[in-house]
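Heads up: the protein sequence lines correspond to chains A and B, in order.
In my numbering, each residue carries its 1-based index in the first sequence increased by 364.
In my numbering, each residue carries its 1-based index in the second sequence increased by 5.
Since the hints were made in silico from the structure, they are not lab data.
Any given hint could be a false lead.
[As the list claims (entries may be wrong)] As a list, the in silico DSS-like pairs of lysine-lysine whose alpha-carbon atoms are at most 25 Å apart:
| # | chain 1 | residue 1 | chain 2 | residue 2 |
| --- | --- | --- | --- | --- |
| 1 | A | 388 | B | 622 |
| 2 | B | 503 | B | 622 |
| 3 | B | 340 | B | 286 |
| 4 | A | 512 | B | 589 |
[To be verified] Every beta carbon over 10 Å from chain A, so not counted as near; a handful from chain B, in silico:
| # | residue |
| --- | --- |
| 5 | 41 |
| 6 | 112 |
| 7 | 120 |
| 8 | 300 |
| 9 | 317 |
| 10 | 381 |
| 11 | 393 |
| 12 | 501 |
| 13 | 572 |
| 14 | 633 |
Note that the Cβ used here is the ideal one computed from N, Cα and C, for glycine as well.
Each chain is listed here by its residues.
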Amino acid sequence: MISLTPTEIQEKLKPILARHIGKKDELIPILQETQDELRYLPEDAMREIARFLKISVATVYGVSTFYHLFKLKPSGKKIIRVCRGTACHVRGSPRIVDEVSKVLNVKPGETTPDMEYTLETIACFGSCALAPVMVVDKTVYGRVTPGKIKEILARPAKQEVHK
Amino acid sequence: MNFTDLKEKATAEWTSLEQSRQPRIIVGTGTCGRAAGAFAVVDAIKTALAAHNVQADIMNVGCIGLCYAEPLVEIAKPGKPHIMYGNVTPASAAQLIEDYLVKDMPHPEMALGTIGEGSIEGIPKFWELPMLKPQVRIILRDCGIIDPQNLNHYIARDGYSGLVKALKMKPEEVIAEVKKSGLRGRGGAGFPAATKWELCRKEKDPTKYIICNADEGDPGAFMNRMLVEGDPHSVLEGMIIGAYAMGATRGFIYCRAEKPLAIERFKFALKQVQEAGFLGKNILGSGFDFDIELREGAGAFVCGEETALMASIEGKRGMPNPRPPFPAQSGLWGKPTNINNVETWANVSAILQHSAEWYTQYGTEKSKGTKTFALAGKINRTGLIEVPMGITLREIVFGIGGGILNDKGFKAIQCGGPSGGCLPTSQLDLTVDYDSLQQAGAIIGSGGMIVMDEDNCMVDVARYFMSFIQSESCGKCVPCRVGTKHMLDILTKMTQGKGTPEDVNTLNELAQSVKQGALCGLGQTAPNPVLTTYRYFADEYEAHTKNKVCPALACKEMTTYYILPEKCQGCGICLRACPSEAIKGGKRMIHVIDQDKCVKCGTCLEVCPPKFTAVKKVSGEKIEVPKEPVPVIAGKPGAGETK
Ligand SMILES: Cc1cc2nc3c(=O)[nH]c(=O)nc-3n(C[C@H](O)[C@H](O)[C@H](O)COP(=O)(O)O)c2cc1C
Numbered sequence: 365m366i367s368l369t370p371t372e373i374q375e376k377l378k379p380i381l382a383r384h385i386g387k388k389d390e391l392i393p394i395l396q397e398t399q400d401e402l403r404y405l406p407e408d409a410m411r412e413i414a415r416f417l418k419i420s421v422a423t424v425y426g427v428s429t430f431y432h433l434f435k436l437k438p439s440g441k442k443i444i445r446v447c448r449g450t451a452c453h454v455r456g457s458p459r460i461v462d463e464v465s466k467v468l469n470v471k472p473g474e475t476t477p478d479m480e481y482t483l484e485t486i487a488c489f490g491s492c493a494l495a496p497v498m499v500v501d502k503t504v505y506g507r508v509t510p511g512k513i514k515e516i517l518a519r520p521a522k523q524e525v526h527k
Numbered sequence: 006m007n008f009t010d011l012k013e014k015a016t017a018e019w020t021s022l023e024q025s026r027q028p029r030i031i032v033g034t035g036t037c038g039r040a041a042g043a044f045a046v047v048d049a050i051k052t053a054l055a056a057h058n059v060q061a062d063i064m065n066v067g068c069i070g071l072c073y074a075e076p077l078v079e080i081a082k083p084g085k086p087h088i089m090y091g092n093v094t095p096a097s098a099a100q101l102i103e104d105y106l107v108k109d110m111p112h113p114e115m116a117l118g119t120i121g122e123g124s125i126e127g128i129p130k131f132w133e134l135p136m137l138k139p140q141v142r143i144i145l146r147d148c149g150i151i152d153p154q155n156l157n158h159y160i161a162r163d164g165y166s167g168l169v170k171a172l173k174m175k176p177e178e179v180i181a182e183v184k185k186s187g188l189r190g191r192g193g194a195g196f197p198a199a200t201k202w203e204l205c206r207k208e209k210d211p212t213k214y215i216i217c218n219a220d221e222g223d224p225g226a227f228m229n230r231m232l233v234e235g236d237p238h239s240v241l242e243g244m245i246i247g248a249y250a251m252g253a254t255r256g257f258i259y260c261r262a263e264k265p266l267a268i269e270r271f272k273f274a275l276k277q278v279q280e281a282g283f284l285g286k287n288i289l290g291s292g293f294d295f296d297i298e299l300r301e302g303a304g305a306f307v308c309g310e311e312t313a314l315m316a317s318i319e320g321k322r323g324m325p326n327p328r329p330p331f332p333a334q335s336g337l338w339g340k341p342t343n344i345n346n347v348e349t350w351a352n353v354s355a356i357l358q359h360s361a362e363w364y365t366q367y368g369t370e371k372s373k374g375t376k377t378f379a380l381a382g383k384i385n386r387t388g389l390i391e392v393p394m395g396i397t398l399r400e401i402v403f404g405i406g407g408g409i410l411n412d413k414g415f416k417a418i419q420c421g422g423p424s425g426g427c428l429p430t431s432q433l434d435l436t437v438d439y440d441s442l443q444q445a446g447a448i449i450g451s452g453g454m455i456v457m458d459e460d461n462c463m464v465d466v467a468r469y470f471m472s473f474i475q476s477e478s479c480g481k482c483v484p485c486r487v488g489t490k491h492m493l494d495i496l497t498k499m500t501q502g503k504g505t506p507e508d509v510n511t512l513n514e515l516a517q518s519v520k521q522g523a524l525c526g527l528g529q530t531a532p533n534p535v536l537t538t539y540r541y542f543a544d545e546y547e548a549h550t551k552n553k554v555c556p557a558l559a560c561k562e563m564t565t566y567y568i569l570p571e572k573c574q575g576c577g578i579c580l581r582a583c584p585s586e587a588i589k590g591g592k593r594m595i596h597v598i599d600q601d602k603c604v605k606c607g608t609c610l611e612v613c614p615p616k617f618t619a620v621k622k623v624s625g626e627k628i629e630v631p632k633e634p635v636p637v638i639a640g641k642p643g644a645g646e647t648k
């Protein structure tokens, strides 16, 4: 991933900040919109947001690190999410996490050095009937077994057809 | 437009849909349907319709609750009952269009049931199916039936008539009606809704807020999400009624960003009601002003806790605050605030549409109405269900859920997620209501129900929940931050076969301290999974710590896989399937697992053909096997067969 210069970040933030009026409770929505745009929260973006809301950078950092959704590092091209909900757990998701970790050689929360894959776990995907569930970008794979992992990861990225 | 006109228009639209001369195809496209491939099915239906030159309407609906049979497709032909088909694939969908729509062959073998008047030979009535018959639909009244993006559908089925009724009553009368209904909060604690409303109503501050808690962060719970996806207006109507009753000026919906479809539905519905005049200034000419804003949560389980949730709306780290002051006195930005769960609000709209009296016919003396549950785990029919309070766990597991997968033995049902508990066979006749579940050590909670079978280890389940809680602990108070970490460490040790009997005592002591000392509900209830598994399955703790055995063969570090030399036929299936390349062998050679390489994923056990069943998993036991592959012993049963 190409890293952005502080000026580029400022440019990207402009339209986002323009949608807000500078109230403190806008912090989380601004961070969400920023991450949607930049795919993570670079330090320079946090500084800029702090300036805009007239709060300390530490406050912005504190909030950014509190919520799981916010990422301080860029993610890989493909995001692999393994569901760790209870139904998935009792139907074998720990083995799925282990196997993906092994194949990609990363731990949950990490990205492969070539920036191709990020492995994440999610609390519950809500498709418990298909447990264990794993999601690659937007494609959902149900009833996954460790034996199927390599094949799933090898597939080209496919977007779910949204109508 | 006034409400009478709106209603008339909506009813006309719904009736013309019901009586249409054109066939209609209804597809469940909630999150669960989509995950199972509903969109590919819709595409196949469109192609087939075009190919056969058939005109039909395709309607997207939310989840009707039969998650195990997704994707679900309901076909309505004029003059016939609708037919609901389950487990539809693009291929079978195309076939149904040709055979049923074009040729009138309904394929009973693919059908789940018929809906509406009349019958079709060989197909049972949908609502009489064992999964559905014991259910009562109040909260899920429209889910899977209406198009969630069509306000007219909602209005045609009595939607917003509860609001219209409420606006003609005095706010106090609305609260009295809710009080009479006995409605208790569905977010977990079961606090009487009207009591909270009264407190908030009494406050003198002209600025008051109400909140809809749609965080639903418990693993294994998807009831709120499905309700919002399938019928967002039932929640909004409840909120507007509540706001009127309490005199609130602004409302918030707090929904976690991980539920994109629910958020989309809420946003769409909000716009619709703002345009229709059910929100905004002078709602339906009553002089009452109120609006609702949606806030996306950024993924923190503790933000489901009301005080943490409010901190999060204010843009802060979502950490809980001690109560009192209660939100009703000092909540969002220090103003009187009332917070209720998604499902509580959907109940409110139903109660006002009908009456408190009607509502109280369902449920038990102290737990009125119905409750939705997300039924999942090792059960045949997983799904979203709604049952009257007072039903037994047995009826849910074996009646609605159809018993345990693969005819295995039932071990436990986990109710209430990380704050709840695991109940064993001896508790199956317990009635499901706030008080009896609590006495048994579990809680109704938000409504997750996960069924576990003999292959699930209760120590591992306790460790699972503790690891969830530990990573979600916000860190503000010591008992939760440090206590849960210690508990997790002990449980991890136990599941690795390194625990001691002394650890069991320490674990129980810690559980009591965390329960008593933690600041918020997260920590106070965190020990519940440990306490209930210990209460009902002490023998498993003993086996792990004293004998270093995992009786369920679930704890990875305590189990070993072997290939039995007298059974292996050297077919090579496991060797090829092993993701770790830990199996040595060759054609007609007895295969051997390299224990150093084995990651205990269990793939070999799954793929070994049933006629051989040569792979065995053991705990605390050693099986003598050859070190290197040796030729298969000739003349054994099954010898010579390869695949
Ligand atoms: C850790 C924790 C998580 C919670 N998560 C939720 C949740 O996801 N949804 C919810 O409605 N209530 C949740 N609650 C309960 C809320 O604090 C609050 O009691 C509830 O929203 C009140 O609504 P009710 O009276 O309608 O049940 C949670 C409580 C705790 C302690």
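When the hints from earlier in the document are held up against this structure, which numbers fail?
Of the numbered hints given earlier, those the structure breaks are 1, 5, 8, 9 and 10, listed in rising order.
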